[in-house]
Amino acid sequence: MKRVVETKEVAGQSPNYLLAKFQELVDWAVNASRANSLWPMPFGTACCAIEFMATAASRYDFARFGMERQAFSPRQADVLICAGRLPFKLAPVIRRIYDQMPQPKWVISMGACASTGGIFDNYAMVQGIDTIVPVDVYVPGCPPRPEGLLYGVLLLHKKIRGESLFDAERRRDEQPLDEQGLRLSPAEIDEVSEPFGNSVHQFRSA
Amino acid sequence: MSQRTVELELATPGLDPQGRPVRVPLPADGGEHLLLNMGPQHPATHGVLRLVVELDGETVVRCIPHVGYLHSGFEKLGEYRHYNQIVPLTDRTDYLSPMANNVGMALAAEKLMGIEITPRCTVLRVIACEMSRIISHMVWLGTTSIDLGAFTPFLWAFQERERIYNLQEMWTGARLTTSLTRVGGLMADIPDNFVEELREFTRTFPNTLNEIDRVLTRNAVWAGRTQGVGVMTAAEAINYSLSGPMLRASGVPYDLRKDKPYLGYETYDFDVPVGEHGDVYDRYLVRLEECHQSNRILQQALERLPDGPINVDDPRVILPPKSRAMSDMEAMIFHFKQVMEGVKAPVGEAYVGIENPKGELGNYFVSDGTAKPVRWRIRPPSFINLSALSKMAQGHLLSDLVAINASVDIVMGEVDR
Amino acid sequence: MTSQIGQIPGRLREAVARDGETIVYVARERLLEAMTWLQQTPGQDYDYLVDVTAVEFRDRERPIEVVYFLRSLTRKADLRVKVELQATDELVVDSVWSLWHGADWLEREVYDMFGITFRGHPDLRRILMWETYAEGFPLRKDFPLRGRFSRAEQVRQALNANPEAHYSLDELSIADAWGDLPEDMRERLKRGERGTVPE
Numbered sequence: 001m002k003r004v005v006e007t008k009e010v011a012g013q014s015p016n017y018l019l020a021k022f023q024e025l026v027d028w029a030v031n032a033s034r035a036n037s038l039w040p041m042p043f044g045t046a047c048c049a050i051e052f053m054a055t056a057a058s059r060y061d062f063a064r065f066g067m068e069r070q071a072f073s074p075r076q077a078d079v080l081i082c083a084g085r086l087p088f089k090l091a092p093v094i095r096r097i098y099d100q101m102p103q104p105k106w107v108i109s110m111g112a113c114a115s116t117g118g119i120f121d122n123y124a125m126v127q128g129i130d131t132i133v134p135v136d137v138y139v140p141g142c143p144p145r146p147e148g149l150l151y152g153v154l155l156l157h158k159k160i161r162g163e164s165l166f167d168a169e170r171r172r173d174e175q176p177l178d179e180q181g182l183r184l185s186p187a188e189i190d191e192v193s194e195p196f197g198n199s200v201h202q203f204r205s206a
Numbered sequence: 207m208s209q210r211t212v213e214l215e216l217a218t219p220g221l222d223p224q225g226r227p228v229r230v231p232l233p234a235d236g237g238e239h240l241l242l243n244m245g246p247q248h249p250a251t252h253g254v255l256r257l258v259v260e261l262d263g264e265t266v267v268r269c270i271p272h273v274g275y276l277h278s279g280f281e282k283l284g285e286y287r288h289y290n291q292i293v294p295l296t297d298r299t300d301y302l303s304p305m306a307n308n309v310g311m312a313l314a315a316e317k318l319m320g321i322e323i324t325p326r327c328t329v330l331r332v333i334a335c336e337m338s339r340i341i342s343h344m345v346w347l348g349t350t351s352i353d354l355g356a357f358t359p360f361l362w363a364f365q366e367r368e369r370i371y372n373l374q375e376m377w378t379g380a381r382l383t384t385s386l387t388r389v390g391g392l393m394a395d396i397p398d399n400f401v402e403e404l405r406e407f408t409r410t411f412p413n414t415l416n417e418i419d420r421v422l423t424r425n426a427v428w429a430g431r432t433q434g435v436g437v438m439t440a441a442e443a444i445n446y447s448l449s450g451p452m453l454r455a456s457g458v459p460y461d462l463r464k465d466k467p468y469l470g471y472e473t474y475d476f477d478v479p480v481g482e483h484g485d486v487y488d489r490y491l492v493r494l495e496e497c498h499q500s501n502r503i504l505q506q507a508l509e510r511l512p513d514g515p516i517n518v519d520d521p522r523v524i525l526p527p528k529s530r531a532m533s534d535m536e537a538m539i540f541h542f543k544q545v546m547e548g549v550k551a552p553v554g555e556a557y558v559g560i561e562n563p564k565g566e567l568g569n570y571f572v573s574d575g576t577a578k579p580v581r582w583r584i585r586p587p588s589f590i591n592l593s594a595l596s597k598m599a600q601g602h603l604l605s606d607l608v609a610i611n612a613s614v615d616i617v618m619g620e621v622d623r
Numbered sequence: 624m625t626s627q628i629g630q631i632p633g634r635l636r637e638a639v640a641r642d643g644e645t646i647v648y649v650a651r652e653r654l655l656e657a658m659t660w661l662q663q664t665p666g667q668d669y670d671y672l673v674d675v676t677a678v679e680f681r682d683r684e685r686p687i688e689v690v691y692f693l694r695s696l697t698r699k700a701d702l703r704v705k706v707e708l709q710a711t712d713e714l715v716v717d718s719v720w721s722l723w724h725g726a727d728w729l730e731r732e733v734y735d736m737f738g739i740t741f742r743g744h745p746d747l748r749r750i751l752m753w754e755t756y757a758e759g760f761p762l763r764k765d766f767p768l769r770g771r772f773s774r775a776e777q778v779r780q781a782l783n784a785n786p787e788a789h790y791s792l793d794e795l796s797i798a799d800a801w802g803d804l805p806e807d808m809r810e811r812l813k814r815g816e817r818g819t820v821p822e
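Note that the protein sequences, when read in sequence, are chains F, A and Z. So for the first sequence, our numbering puts the first residue at 1; every next one is plus one. So for the second sequence, our numbering puts the first residue at 207; every next one is plus one. So for the third sequence, our numbering puts the first residue at 624; every next one is plus one.
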C-alpha cells in the first residue's frame, strides 16, 4: 500500500518488523475509513455558513469527499466545522459542543473570523476559536470559496492519514479547560489576539 | 387533556420595588409544563438563535427568543472607519443579500453628503438590489422547505443562487462579500458579457420558480403545515413594526419601493404582492411572487441601462484613476487626502430606508463634520420581525414553531449585528 | 403638517435633517404624553414605529439623544422625535412599549448598548450581550473599541458566563414556581397523579 505521508517515530512502536508492518496495516485501514467518512458538525454562524451550504449543494457537493451526512448532533459527528465569526456570547456554546463530540474528533476553523477574529477586532469577538478549542485545519478567506473549504477538508484527510493508533501521546486526547476555565494560558491568549499590520492604526475614533 | 390554547400574558412585570424578580404564576390548570431549549446550535433555527419554549404537551404556551449570539459590534466598528471603509462591513450584516446592504448604506451616506449619483449608477444599483432580492428569497425558500421536510427545492434554489453568484463574481470579484458600492458610485463597472448573462438568467429563472411552485404550492403537506399557522393581523403587524414580506402578507400594502421610492423605482413597472391571512402560507406566496416581480424589474433595468460614468464627477469623493494619480499632482493630492483622511461628511444626520428582501433596512448616519461617523445605526428588519415570534407562536404546536420561525426570514448577522 | 408640530405636547424646538425630515425635540418628562398624542390624534396617526436608537456625541458637552423614528402609513409621513439626556440627568426615559409593541426589543437594545433605562418596559434586560456582562455599555464613547478587559480576561469571563444557565425572569418563574404551588397540588404531583382540568 502506498503511504501518503512518511512514517514518524512514535513512542510505543515496536522495533519488530512484523509487528511494525501489522501496525502500519491497521493504521492505514483505520485512518482511511476515518478520513473517507468524516461526518461534519456544521457550527455555522455567519457568512461562511452560507458558503458551507453552497459547498454542500449540488455544484461543489462535498458528499463526494465522504461528508455525506451533516451531523447536527455533536454526539454523532466527527469534525466540527466552525463556519463564521464567534462572539464571546457563543464561546461557551462551542466549547460545550466540542466537549460533547466523542473521540476521534477534529476541528476545521473555516474563514478568517473563526481563525483569527477576522475584521472584527473589537469587544464582542473571540480572536480565533483556537483560544477555546484545539484546531486542526485553518481555512482562510472571507468567506473562503467552496474550493477552499474542500482543500481544507482534503488537508484534514492528509493529516488523518498521518496519525497512528499506537501513538502513546495521542494528540487528540481531550484538552480540557484548566481550573480558570481557559484552554491556553492568559499570556498566550493575549499574544495571539494582538492586532497586527493595518489594524494597529484603526483604533482612533476620528 | 383537551386541546385548547392557553393564553398567557407574555410580558413579565420584571423587578418589584425591592428589586426581587416578580414571579409569573403558573396557569390555572396545574398541568406540568416542559421548558425546552432550542439552540443556539440547532439546524432549524436559521442561525444562532436560542428559543426557550414552554410546552404543554406539544403546544407552545410561551416562546422566548434569545438573540445576541452573533453580536459582532458593527455599529461600534463603524465609528472607527471612514465611510468607504464601512462598505465591507455592510456585506456581513445581511450576508444573504450583500449588494442590497451595500446600496442601502451608500444611499444613506450620499444623502448625508448631498451627492447625486449618475443615471448609470442608479440603474446598476437597481439591478444589484433585485439580484439580491432573488438570492435572499432563494435561500429562504430552500431552507424553509428543508425545515418542513422538502429537500429538493433547496438544491434547485441553490443552483439558481450559483448563477447569480457567477454574475456577482464577474462584477465585483467576490461571490458573497461584494462591497459593491462606494460613496458617490460603484467599485467597478459591469464587464462586457454581464448584460447578456443576466438576460439569459432572467429568461430561464421563471422556469425554476414554476417548478418550485408546482412542487409546493398545492401540496397537501405544505399547505397543511403552513396555512393558518403563525397569523399576524394587519393591526398587529403595524404595531409590532414588521416590515417587508411579513407586513405585506398580513394585508398591509406598504412597500418602500412604491411608497417612498428611491433609485428611480417609481419609473419601473412592477407589482407588489399583498397577502390576506398573514400566515406562513401567505408569506411564502408573497415571497415567491416577489421573485417573479424582481425578474420583471431586472428585465426592464437591462433594457434601459444608459451609458455614461458610474461615479459622480467629484474628485473630493471619488478616487482618481491610478494612472492619473501617479502622473498628475492634483490627482495625487486628492488621492492622498481621500485615502489618508477619508471623505469628510458635513455636520448633520440622514436616514435612508430601502426595501431589503427581509424588510425595511435603514441606515442612519450622524456626523460631526469628520470623516468617521459619530453614530452608524442599522435599522435591522430581521431583528424587529423576530420580536414578533413570541406573539405568533403562542398556541401552536412545536413543529409549527419551526415553520413560523422559518417564515420570519431572519438572518442572524443582521439581527445581532 | 408643520403648523401642527407646535401642538405636540412637550415640544422644545425643531430642526431639519439633511435628508429633509423634520426633527422635533421633546422634553423628557412629557415624552409619553407627546408620543400618545402623536399616535392617537386623528390627523397625526403615527401608527408605525420605525426605529428607536440613541446617539452619544464625541463632544462630552452635548447631551445623549434618544431618537424615535415615527411613520404614519396612512398619511405617508415621517417624523423624528428626539429626547435629550443632559450629562447631569440620569439615563432614564419612559418606554413607548405600551403604544408600539415594536419598541420591545429596540428599547432593550438601547439599554444594552447605552445603559439607558426605559421606565415601564415589561422586560428590560440585556439582549445582545449576555445578562451578566460586566464590561459596561459598549456603544458609549468612553468604552474602548476592544473592550475594557484584556483578551484573556474576556475569554475567561465568556467561558464562565454560560448564558444558557441563566434563564430570564419569566423562565425562572416556570422552574421555580414549584414553591408557589399549593401544598396539596405538590403532594399530588409528587405521587404522579394529575388533577382534573377545569373546562
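Quick caveat, the hints were computed from the structure, so don't treat them as lab data. All values derive from a computational prediction rather than experimental measurement. Just so it is clear, CB atoms sit at the ideal spot from N, CA and C, and this is done for glycine as well. Don't take every hint at face value.
As the list claims (entries may be wrong) - Across the chosen pairs, the derived CB separations fall in these ranges:
| # | chain 1 | residue 1 | chain 2 | residue 2 | range |
| --- | --- | --- | --- | --- | --- |
| 1 | Z | R683 | A | R530 | 55 to 61 Å |
| 2 | F | P195 | Z | R683 | 22 to 28 Å |
| 3 | A | I539 | Z | S721 | 41 to 47 Å |
| 4 | F | S33 | Z | F772 | 31 to 37 Å |
| 5 | Z | F680 | A | P412 | 48 to 54 Å |
| 6 | F | S37 | Z | E806 | 17 to 23 Å |
| 7 | Z | R683 | A | E238 | 50 to 56 Å |
| 8 | Z | P767 | F | Q76 | 26 to 32 Å |
| 9 | A | I539 | F | P195 | 52 to 58 Å |
| 10 | Z | R683 | F | A63 | 57 to 63 Å |
Okay, the hints, checked on the actual structure:
1. Z/R683 / A/R530: 55 to 61 Å: 43 Å, violated
2. F/P195 / Z/R683: 22 to 28 Å: Holds, at about 27 Å.
3. A/I539 / Z/S721: 41 to 47 Å: Given about 56 Å between the Cβ atoms, the range is violated.
4. F/S33 / Z/F772: 31 to 37 Å: 45 Å, violated
5. Z/F680 / A/P412: 48 to 54 Å: 51 Å, holds
6. F/S37 / Z/E806: 17 to 23 Å: About 57 Å separates the Cβ atoms of F/S37 and Z/E806, which means 17 to 23 Å is violated.
7. Z/R683 / A/E238: 50 to 56 Å: 55 Å, holds
8. Z/P767 / F/Q76: 26 to 32 Å: Given range 26 to 32 Å: violated, Cβ gap about 43 Å.
9. A/I539 / F/P195: 52 to 58 Å: 30 Å Cβ-Cβ, so the 52 to 58 Å window is violated.
10. Z/R683 / F/A63: 57 to 63 Å: At roughly 58 Å between Cβ atoms, F/A63 and Z/R683 fall inside 57 to 63 Å, so the hint holds.
Checked against the numbered hints given earlier, this structure breaks hints 1, 3, 4, 6, 8, 9; the rest are met.
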